[in-house]
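> Below, each chain spelled out in residue letters.
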Amino acid sequence: MAAAADEASRPFAGLSDVSISEDIPVEGDISVPVGPSTRRRNDDEFSTLDEPVRETILRDLRAVGKKFIHVLYPKRSSALLRDWDLWGPLLLCVTLALLLQGGAADSDYQGGPQFAEVFVIVWFGSIIITLNSKLLGGTISFFQSLCVLGYCIMPLTAAMAVCRIVLVAGSGTVSFAVRLVVVTASFGWSTFASTAFLADSQPANRKALVVYPVFLFYFVIGWMVLTFSPSQ
Amino acid sequence: MSAGSGNRNTNTEPWGSFDDNLVQGGGSAVIDMENMDDTSGSSFEDMGEMHQRMKEEEEVTEEAAATEDDNAEDGEFLGMKGLKGQLGRQVADEVWQAGKRQASRAFNLYANIDILRPYFDVEPVQVRSRLMESMIPVRMINFPQKIAGELYGPLMLVFTLVAILLHGMKTSDTVIREGTLMGTAIGTCFGYWLGVSSFIYFLAYLVNAQITMMQMLSLLGYGLFGHCVVLFVTYNIHFHFLFYVLWLLCGGLSTLRMVAALLSRTVGQTPRLLLCGTLSVLHMLFLLYLHFAYHKIVEGLLDSLEGPNMAPMQRVARDVPELTLNASMRSLGPLLRAQ
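So the sequences go chain by chain: A and B. Using full-length UniProt numbering, the first residue of the first sequence is number 1, and each one after it goes up by one. Using full-length UniProt numbering, the first residue of the second sequence is number 1, and each one after it goes up by one.
Calculated directly from the structure, the hints in this document are not laboratory data. Where a beta carbon is used, it is the ideal one built from N, C-alpha and C, also for glycine. Careful: at least some of the hints might be erroneous.
As the list claims (entries may be wrong) - Output of the computed footprint for chain B on chain A, the stretches with three or more beta carbons under 8 Å from beta carbons of chain B: (1) 126 to 140; (2) 200 to 208; (3) 213 to 224.
Stated by the list, open to error - Derived coverage of chain B by chain A (criterion: at least 3 residues anywhere in the stretch with Cβ under 8 Å from a Cβ of chain A; other residues may be distant): (4) 140 to 146; (5) 153 to 162; (6) 180 to 186.
Unchecked claim - If you want the ones that stay clear, here's a sample from chain B, every Cβ over 10 Å from chain A, calculated: (7) W96; (8) K100; (9) R105; (10) A106; (11) F120; (12) D121; (13) L166; (14) H167; (15) L194; (16) A260; (17) P271; (18) T278; (19) S280; (20) L282; (21) F292.
Work out the full structure, taking the sequences as your base and the hints as a guide.
So, in structure tokens, the structure goes:
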């Protein structure tokens, strides 16, 4: 048995020999590029592993902000489509839902839009529009379309903020008129902007069919914004 | 040693060998070393640890082997273990397969979107003309009428109906317990569209009418155009008279159109009566239901009935005085009113 144990250790005998012996000096180029920042400037593909977190977040936020500008000034650029992200839509959706939340604060009245309702309308609505555009033969990818539709809620979110401010001032006929104008304008803006981005990917003769669900989608959201009234 | 002990313990059953390898350190150690990942075992500490573990394992095995040698039911015992291992592997395999199948199905759902594409192959002009035609009954019942099997128009009409219904619910301050307005609206509209289509299709199948499921979905979907128009008008303009006129006019026309299309594709008096009667009753009553279930005036009426001067309990059997429950209610009534 003792002999067997000795034998068993043999597989590892070779391993112990691997250890570096003293007589052979270690050779080779082991210098690490110490100043990666200087070299990185030249390369296009750079590593984001060793940059501060703040920089990463700021870069992403800047990208989101750039896309906001694209929505506000919808010239037919492909930046919104090329590098899509879902951070902006999430941000807008949550903001809109939070702004709409106050109406349903009291438990007795259920007519106000709830947080989950807004969330579901926005996401499922965009998914359905996207599927519809795919079915109609659009050449846009699934998440590109989601990104565009999500970013184009921004005018309506802005209108919601304006509505809350107007509602603080008072809720008479004048206030309703102001809200109506603001919401209508932002609804038109949203529809126009999303069509500008999405229409190019569709066959020319079917644009109307793609625009209709988009119109309905923003109309429902706009109508929710317009009919919002905070609880007393 | 490894060969010796391995031989000793290897039993005759072919499925025992897997367990043998696991239990025995001597035989398996070499194999493990060969199969080991280069990256995982690169550091010497790991090697040392591994070595030690192997040694311990071997000792245990040897002891076990020594005792098992004397054991009479040695092979049987190991056989049991092998069976267990195989069973476990089989279960794990099945679970893995099921998971893979589900994942691939979810993926295929997106890939299979192409299956639906023919039903969305329409032009705006076609949709417009079909919307118009949905309100124009054709008096041709000798020859089967043409019904386009298309889903874009019906789907959009159902979504429009959902939006209109949502609007009606919001303006009527409908309160829905255990659910959201959105879910109720979607459930009602899609439930009606899919449910009634399948039901009528089933009936049509029974009476041997010539219609496919797609045609039925398309027919009923375009039939909802009248509903959309009527509800959109009457949720905003609250005249009962106007509603009844529109109900008969728009709802009636779209129903007539569907009935005419079905008539032309059915043979025989009783089947026609059964099919068309069911469809028209369901379609007209659905419009009535949608209007009155979520309407402002009705809600207002209920509000005035349930005014503050009424007792909060409305459904107590007041006409049966000998009920003890009622007596207790009567005594409670003033109390509640006092509050």
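> So, against the hints stated earlier in the document, which numbers end up violated here?
4, 11, 12, 13, 14
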